[in-house]
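Build the full structure now, drawing on both the sequences and the hints.
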Amino acid sequence: MKSLLYLALLFCMCSCFQKKEPLVGDTPFQIALNSTFKDASKSPLKKKDRKVFKGLDFFEVDSAYIVQATLKHTPDSTFFEMPTTTDRMSKERVFGIVKFKIKGEDFELQIYESEDLLAEEGYEDYLFLPFLDLTNGDSTYGGGRYIEVPVNNKKTDSIITIDFNTAFNPYCAYNEKYSCPIVPRTNFLNTEIKAGVKAFTKH
1130 MKSLLYLALL FCMCSCFQKK EPLVGDTPFQ IALNSTFKDA SKSPLKKKDR
1180 KVFKGLDFFE VDSAYIVQAT LKHTPDSTFF EMPTTTDRMS KERVFGIVKF
1230 KIKGEDFELQ IYESEDLLAE EGYEDYLFLP FLDLTNGDST YGGGRYIEVP
1280 VNNKKTDSII TIDFNTAFNP YCAYNEKYSC PIVPRTNFLN TEIKAGVKAF
1330 TKH
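All letters in the sequence shown, in the order written, are residues 1130 to 1332 by my numbering.
Careful, some of the hints might be misleading.
Unchecked claim - Straight-line alpha carbon distances no greater than 20 angstroms define the calculated EDC-like cross-link-like pairs of lysine to aspartate or glutamate that follow:
no., residue 1, residue 2
1, Lys1283, Asp1254
2, Lys1327, Glu1277
3, Lys1283, Glu1244
4, Lys1228, Glu1242
5, Lys1171, Asp1245
6, Lys1171, Glu1277
7, Lys1230, Asp1292
8, Lys1232, Asp1292
9, Lys1331, Asp1186
10, Lys1331, Glu1305
11, Lys1220, Glu1242
12, Lys1201, Asp1286
13, Lys1323, Asp1286
14, Lys1331, Asp1178
15, Lys1171, Asp1186
16, Lys1331, Asp1168
17, Lys1171, Glu1250
18, Lys1228, Asp1292
19, Lys1283, Asp1205
20, Lys1284, Glu1244
21, Lys1175, Asp1191
22, Lys1230, Asp1191
23, Lys1201, Asp1168
24, Lys1323, Asp1168
25, Lys1183, Asp1205
26, Lys1283, Asp1216
Everything labelled a hint here was simulated from the structure, so no lab data went into it.
Structure below.
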C-alpha cells in the first residue's frame, strides 16, 4: 500500500514538473525580462495579464542594431525635471550626445544620467537612452522605448555600444499606475528600429 502511495505521489510530482513551462527568450536579456514579468513581486503586469503571460513579443535579434556610438560628454549640464506620464517629474540631466550609424545612415540622440539609476545598486554606471522611431504606434509602443546603456568611464568622451535589441517598453505600457518619463521629441529617429520589445497586447 505504501509503495502505491509513493508511486502516486511521484506521478503527481512528475506531472507538475512537466506542466511548468520554461522561460522563453533567445538571449539572456529576453530571458531575464520575461522572468521579471512572470514574477508577481516584480512584474508591471496587471493580475489578469500576468495570469495568461507566456512571454513578451520581441523582434528577431539583428546585429545591424548593435552600434558603436561616439559619446560626446557634456560635463557642465545640470539636472532638470523631465515630464512623466503622471504628475511626477523625473530628475535627469543630458549626459552627452551619442552619434552612430544604422544601416549606413547617420543618427544622433541625447543620452541622460538619471537620478533613479544612480540610486539603484548596480546601475550607477548606466545611462538612460529613451527614443522614438517610425515603428511607434504600429509594431511598437506609441510612447517610445528605453535602453539602459552601460558606460565604463563617465568622465571622458568615449566609444560606447548601444544594443537596440535590448530596447524595452516603459512600465506604463503595461499598467497606467506607473510613472514613466516621456521621451523628448529631440530623441526621434526617422527610421524603423525593428529591434527589441514589440507592442504589448493587453487582455
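Now the hints, each set against the structure:
no.	hint	in the structure
1	Lys1283 <-> Asp1254	holds (7 angstroms)
2	Lys1327 <-> Glu1277	holds (17 angstroms)
3	Lys1283 <-> Glu1244	holds (15 angstroms)
4	Lys1228 <-> Glu1242	holds (17 angstroms)
5	Lys1171 <-> Asp1245	holds (17 angstroms)
6	Lys1171 <-> Glu1277	holds (18 angstroms)
7	Lys1230 <-> Asp1292	holds (12 angstroms)
8	Lys1232 <-> Asp1292	holds (14 angstroms)
9	Lys1331 <-> Asp1186	holds (12 angstroms)
10	Lys1331 <-> Glu1305	holds (12 angstroms)
11	Lys1220 <-> Glu1242	holds (9 angstroms)
12	Lys1201 <-> Asp1286	holds (5 angstroms)
13	Lys1323 <-> Asp1286	violated (28 angstroms)
14	Lys1331 <-> Asp1178	holds (7 angstroms)
15	Lys1171 <-> Asp1186	holds (19 angstroms)
16	Lys1331 <-> Asp1168	holds (17 angstroms)
17	Lys1171 <-> Glu1250	holds (16 angstroms)
18	Lys1228 <-> Asp1292	holds (14 angstroms)
19	Lys1283 <-> Asp1205	holds (13 angstroms)
20	Lys1284 <-> Glu1244	holds (17 angstroms)
21	Lys1175 <-> Asp1191	violated (30 angstroms)
22	Lys1230 <-> Asp1191	holds (14 angstroms)
23	Lys1201 <-> Asp1168	violated (38 angstroms)
24	Lys1323 <-> Asp1168	violated (27 angstroms)
25	Lys1183 <-> Asp1205	violated (45 angstroms)
26	Lys1283 <-> Asp1216	violated (30 angstroms)
Comparing the model with each earlier hint shows violations of hints 13, 21, 23, 24, 25, 26; every other hint is respected.
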